[in-house]
Amino acid sequence: MDDNSTPSGDRKLSCSDVSKCFQLLESILDGENLPNSKEMLNEKLAKCEPCFKHFHLEQAIRDVLKTKCTKQAVPSELEASIREIIQDRK
Amino acid sequence: MSEVQRKKYSEQEKSKIFDQEFMPNIDSMYNFAYRLTFDEDDAKDLVQDTYLKAFRFINSFEQGTNAKAWLFRILKNSFINDYRKKSKQPAKIDYQEVETYYNSDDVDYTSTTDLRVDAVKDMLGDEISNALNSLAVDFRTVIILCDLEGFTYEEMAKILDIPIGTVRSRLHRARNLLKDKLRSYASTMGYGNDEEEGS
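Residue numbers (the working numbering), protein chains in the order written: chain V, 12 to 101; chain R, 943 to 1141.
These are computed hints drawn from the structure, not numbers from a lab. Treat the hints loosely; a few may be bogus.
Rough simulated footprint, nothing fancy, chain R against chain V, three-plus residues with beta-carbon under 8 Å [what the hints assert, rightly or not]:
| id | segment |
| --- | --- |
| 1 | 45–59 |
| 2 | 77–83 |
| 3 | 87–98 |
Which chain V residues face chain R? A few, computed with CB under 10 Å, are given here [unchecked claim]:
| id | residue |
| --- | --- |
| 4 | 22 |
| 5 | 69 |
| 6 | 71 |
Built from N, CA and C at the ideal position, the CB exists for glycine as well.
Please build the complete structure, drawing on both the sequences and the hints.
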């Protein structure tokens, strides 16, 4: 989705219920299954500039967290040492 | 963990559960432990301790339920009960206490941020990781569980022993704090104002 679009003339520039809308957008982004979420999302993004902006920023943050956070390799001996202790205790 | 052991798995069944359901999660477990402790040895101890507890209490694990969530819950409890107590870190205020004092669902959604989407997308892995690691542990934890490990609100509520409404509000606050951190990185990258860079 293109985030660089300028504010569309069709979108209202202020949101009448930011709390409810943003909470809904965040739940959708977090993968919660809400009834009619797709329709509600499309409507908000098409009609409301603050919702549009909030959604894309939140989405970008989730994406970079998911894809860019550095991962630690599991120490090679860890699994073996866990198994060894369990065996010893049997 | 429940002391009531509803059924006994045979030794063979225990091994099978341990090998097929518990062990495949060791990578996620170790990374969770490392992000809680920031120390390789502590993370190793925490994961080892979690797996030993998991094996000891394997009869209270219901086959067919989410093993990863079950293991994460044990690890989180071990971290709070064992690691935090013996660590020499100065006692911090437990965010949960503060949170229940205030109305936990009363989240301010109105605060807007001037953080730009393209600035976020250009962030380096180290910057993202450092921003996440700088958050207080309770905020860091919800972001790890949700965004890095993909748990649902319901699973997170069980792992953390808090209501779903609190999961939602804590996540929202955590992300706002993260945005603050990212914004300060963004300003050092030249995204601080609306003037376009030469590109």
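The hints, checked one at a time:
1. Counting residues of the segment 45–59 of chain V whose beta-carbon sits less than 8 Å from any beta-carbon of chain R gives 0, not enough to reach three: the coverage restraint is violated.
2. Figure legend: the segment 77–83 of chain V, annotated as covered by chain R; annotation consistent (6 residues with Cβ-Cβ distances under 8 Å, at least 3 required).
3. Here the segment 87–98 of chain V counts 6 residues with a CB under 8 Å from a CB of chain R, which clears the bar of 3, and the coverage holds.
4. A least Cβ separation of about 16 Å between residue 22 of chain V and chain R goes past the 10 Å threshold, and the interface hint is therefore violated.
5. Look at residue 69 of chain V: its Cβ gets to within about 7 Å of chain R, closer than 10 Å, so that hint holds up.
6. Of the supplied interface hints, the one on residue 71 of chain V holds, with its beta-carbon coming within about 4 Å of a beta-carbon of chain R, less than 10 Å.
In this structure, the hints that do not hold are numbers 1 and 4, in rising order.
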